[in-house]
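Quick mapping for you: the protein sequence lines, in order, are chains A and B.
Per the UniProt record's numbering, the first sequence starts with residue 1, numbered consecutively.
Per the UniProt record's numbering, the second sequence starts with residue 1, numbered consecutively.
Treat the hints as calculated values from the structure; they're not laboratory data.
Among these hints, one or two may not hold up.
Repeated chains share a single entry, so a pair holds when one copy, or any two copies, can fit it.
20 Å max Cα-Cα, derived SDA-like pairs, lysine to any residue [as the list claims (entries may be wrong)]:
no.: 1; residue 1: Lys483; residue 2: Tyr434
no.: 2; residue 1: Lys67; residue 2: Lys185
no.: 3; residue 1: Lys67; residue 2: Ala571
no.: 4; residue 1: Lys385; residue 2: Ala281
no.: 5; residue 1: Lys67; residue 2: Ala520
no.: 6; residue 1: Lys185; residue 2: Arg517
no.: 7; residue 1: Lys67; residue 2: Arg517
no.: 8; residue 1: Lys132; residue 2: Phe57
no.: 9; residue 1: Lys132; residue 2: Pro120
no.: 10; residue 1: Lys113; residue 2: Ala542
no.: 11; residue 1: Lys385; residue 2: Ser353
no.: 12; residue 1: Lys558; residue 2: Ala59
no.: 13; residue 1: Lys167; residue 2: Pro283
no.: 14; residue 1: Lys185; residue 2: Glu230
no.: 15; residue 1: Lys132; residue 2: Ser353
no.: 16; residue 1: Lys385; residue 2: Ala524
There are 2 protein chains.
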Amino acid sequence: MPQLRIALAQVNPTVGDLDGNTALTVEWTRRAAESGAHVVVFPEMSQTGYPVEDLAFRATFAQASRKSLDELARRLDDAGCGEVLTYVGYLDQDEAGPRNAAAALFRGEVVAKQYKHHLPNYGVFDEQRYFKPGTELEVVRLHGIDIGMVICEDLWQDGGPVAALGKAGVDLVVAPNASPYERSKDEQRLPLVARRAAEAGAPLVYTNQVGGQDDLVFDGDSLVVGADGELLARAPQFVEHLLVVDLDLVSGGHAGDGDTGSDLAGLPVRRRVLSDEPVPAYPPRTEPVVSEPLSDEAEVWSALVVGLRDYVHKNGFTSVTFGFSGGIDSAVCAALAVDALGGDHVYGVSMPSKYSSAHSKDDAADLARRIGAHYRVEPVEDMVKVYVDQLALTGLAEENIQARTRGMLLMALSNLDGHLVLATGNKTELAVGYSTIYGDAVGGFAPIKDVFKTHVWQLARWRNEEAVNRGETPPIPENSITKPPSAELAPGQQDSDSLPDYALLDDILDDYVEGDRGYADLVAAGFEPETIDRVVRMVDRAEYKRRQYPPGTKITFKAFGRDRRLPITNAWRERKA
Amino acid sequence: MPQLRIALAQVNPTVGDLDGNTALTVEWTRRAAESGAHVVVFPEMSQTGYPVEDLAFRATFAQASRKSLDELARRLDDAGCGEVLTYVGYLDQDEAGPRNAAAALFRGEVVAKQYKHHLPNYGVFDEQRYFKPGTELEVVRLHGIDIGMVICEDLWQDGGPVAALGKAGVDLVVAPNASPYERSKDEQRLPLVARRAAEAGAPLVYTNQVGGQDDLVFDGDSLVVGADGELLARAPQFVEHLLVVDLDLVSGGHAGDGDTGSDLAGLPVRRRVLSDEPVPAYPPRTEPVVSEPLSDEAEVWSALVVGLRDYVHKNGFTSVTFGFSGGIDSAVCAALAVDALGGDHVYGVSMPSKYSSAHSKDDAADLARRIGAHYRVEPVEDMVKVYVDQLALTGLAEENIQARTRGMLLMALSNLDGHLVLATGNKTELAVGYSTIYGDAVGGFAPIKDVFKTHVWQLARWRNEEAVNRGETPPIPENSITKPPSAELAPGQQDSDSLPDYALLDDILDDYVEGDRGYADLVAAGFEPETIDRVVRMVDRAEYKRRQYPPGTKITFKAFGRDRRLPITNAWRERKA
């Protein structure tokens, strides 16, 4: 059977950085060529990064993207990679509008280009706003193997473009993807790709983007499956990786150059022959290339680390600062920041007020020591006192001014030293609005914004156990994990004064927010009506605060932020009846 | 010719307030009945308010909306309005998903319901995320007149549902709308509605929502045109209004009850006969009902006043507070706030620092006197000093802490007294990022967020002239209009130190932001390359600040906010070549 060596370039582009992404593609294609690959497949829109959002509407950006594609083809040829058939993604634009496009490059030229057919418009996706759908399929013959391509969402359609390729006849399908991470998404991908390979009657090569972009993180998890659905290769998650696999293929002897009709989905197929001669038989690579998926906790931790690291670095920062309160949230953020950036780039600030307990200060200092972060103590009592005295503040106004004084202090240090400020709030707080706007909500990024409080504790325990297993110092002080949570904005204050127990609260939120369940469902699930009322009311009223919160890495479908949006002015109250 | 009296109920519902909106509809239908109307037409989704955003995904909300529709039908009948054919909008849901729906109510029952066919998915609209499109048209015969309906965007389609109604045969078309205000949008509406009436071969009744909802404001401007395109009636903008008009109609003698095919657009038409007997001839109303559109400045001012008033009131606030700096932006916000809420609900705060000029303090006090607002002086020097001394702040860090200290002070007053804080920044500042996050960007609402700086001056002059014409005191101190703008965060600082002249800057922004033009276009328009570089770079880097800004009334298609979104992590730079 004819052989081909295929490389999947699971890379981390930066949105908008056409020059940088071109250089990245040249470098990884060079590595693919060195490994002897005949074909290399990059992720969806690899030239522009994904998602480009409103850059799609800038005609100058689309022109520059098209130009960068031609330049890339030439540079690949100049770099001696012209014989490697290179699949990349880019932003195109024609008279109909912007296009989410992929192209095949060979010997210095664009030999095929194709537009995405199915444009997702749910969750984080708004592609029906941005792009016009494609209507054609391009098949390229290399060494006698007919290779079809589809882009990301095209794979999720039964009887869609992949079925059309199968009907028309192809020997291999390649699919550039930018499929954002969600918890346990890898469990969906493999069966899907396997089903689609069966529909095509050919092996399927699925390359996914890796890395963080604003609130999205891409996990990679690139795959190759055989026509029979067997998993042949799988890249590790959350790292750039060149996955190289040898395939034994069946040359279908399909039609040659020119257009071929396809009666399925009415999609015309255009064929181009680059070479008919099979590759001479060669010994396939022998190393194993099927990476195991990470455990659930390791996967989430990696997502949060990579999301944070890329947000900091891609925005031109090298260091972060935030309050070390002694509590669990800031401790987990600190452990993430150290894993992402190294202790030397993390600047912890203890900002005690007169209500801060001794253990808070001790635990904060202990945290800094454990993780090797910079650490300073800046009391806020003097700032708070001026406000309280001048304005005669009491109650909530006095509580808030403490949190806000800390936010201003961190921003001042950011202005002085160039650190990015992190907001350390969790998803539970965000859901119910248990935070101070311009206070603890201050920052450019919120690492655990999409992690419920009970999950924060789980991650802390998991990370400490990992450290023990590796013979390292656990980063998070045990006391920060075990003590009752408190904002320490009033004497003896505890979170449980204002909120239901976190285990109960997270259970309700899981049903109400993640599950979109209603009042009757919540009662049926056994929650007390009074508690439901209280929680639902808090959630429905907190939209303004949620919108003002910094972005943070999304790990679930129902992350607060871009893809979930309630009206601010909203008189709806979930009802009993 | 048969007559019918039609009422257009241009009302201001609140999103999510099903009970309140039901009461509103009963009250306005009662008024329509009192005026002798046979038909009353409410806006799109009048039961739920528009837009409902992610409430569309809450099954319990859709159920409550459907239930409220049935209840409304009964309550109308109980109120003696059962004989008035009442068209309302609501959220429906069936097995396919959520629906943007309209219904006709008569004698206590829902006699027809129809789903929106064309779902806009551009600008502020995301309806393809939320709704499934309709596939049927409902025609109701009242007093021998066949009445078809379409919903909002259905009107914008040549050869769409209106053409299908025309082909099938109707004597009148009613169209509930929720069409957000944009500058000079009324110039588009009338020709469009006239064209559509010609396509239907029947008069067309266009009822639009009025009032503010988050960053949107609806101007009303409800219309009736004859089959020949003649404007027969027009409601005033930006106020609730019952527009009553008598129409002489042609009874087409179309098919009766049951389904009728339509070969145009393949849309089946379902007909229902309520009554065949024409209304006995009666003397039509004689008062003129064609309101003149407002002037451009009056229209924008009204949009900003209504947007602000409804945001404050619909969110449960009665009063606002913000910094009176003596500058033009806060002066215009103050004049808007007084027009929206009355001087007794406006709380101005002068917050001088050591860099504040004497004229700033005088102009702020003068403003308060002119508009009858509450006014207090709260120096920020003591707060600033603690930060500057403790952290050794200089330069930008020292400038920012002044702005932030003011933001915190306003939030403390808000916490004490329950005022909503307004952010007074304008669109020019927002475009180039010339503001301090957590400083002057603090607030729940930003009244002039979508108004360029040069336009702010224009509005100030216009508002003062209006006052003079009415024999009132001009609200805005002349000095605030004429003096050079300054943030007063450093000795002798002026905006012109950091920014190009505002006239030039707004010209470039108009081309780059509103016009989406590229570098080459800007050069061709005669701008200096150095200035283009400087402005474009500022705009492209300010996305994070723009996203953290409070919502504010949108008056242009390219308002910053929901409908415009660049990546935060964005390495794209507009290029010379």
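Hint by hint, here is what the structure shows:
no. : hint            : in the structure
1   : Lys483 x Tyr434 : within (19 Å within a copy, 43 Å between copies)
2   : Lys67 x Lys185  : neither (35 Å within a copy, 37 Å between copies)
3   : Lys67 x Ala571  : between (50 Å within a copy, 17 Å between copies)
4   : Lys385 x Ala281 : neither (81 Å within a copy, 78 Å between copies)
5   : Lys67 x Ala520  : between (57 Å within a copy, 16 Å between copies)
6   : Lys185 x Arg517 : neither (22 Å within a copy, 40 Å between copies)
7   : Lys67 x Arg517  : between (49 Å within a copy, 18 Å between copies)
8   : Lys132 x Phe57  : within (12 Å within a copy, 25 Å between copies)
9   : Lys132 x Pro120 : both (11 Å within a copy, 15 Å between copies)
10  : Lys113 x Ala542 : neither (46 Å within a copy, 34 Å between copies)
11  : Lys385 x Ser353 : both (10 Å within a copy, 18 Å between copies)
12  : Lys558 x Ala59  : between (33 Å within a copy, 16 Å between copies)
13  : Lys167 x Pro283 : neither (32 Å within a copy, 70 Å between copies)
14  : Lys185 x Glu230 : within (19 Å within a copy, 58 Å between copies)
15  : Lys132 x Ser353 : neither (56 Å within a copy, 54 Å between copies)
16  : Lys385 x Ala524 : neither (49 Å within a copy, 57 Å between copies)
Hint compliance for this structure: hints 2, 4, 6, 10, 13, 15 and 16 are broken, all remaining hints hold.
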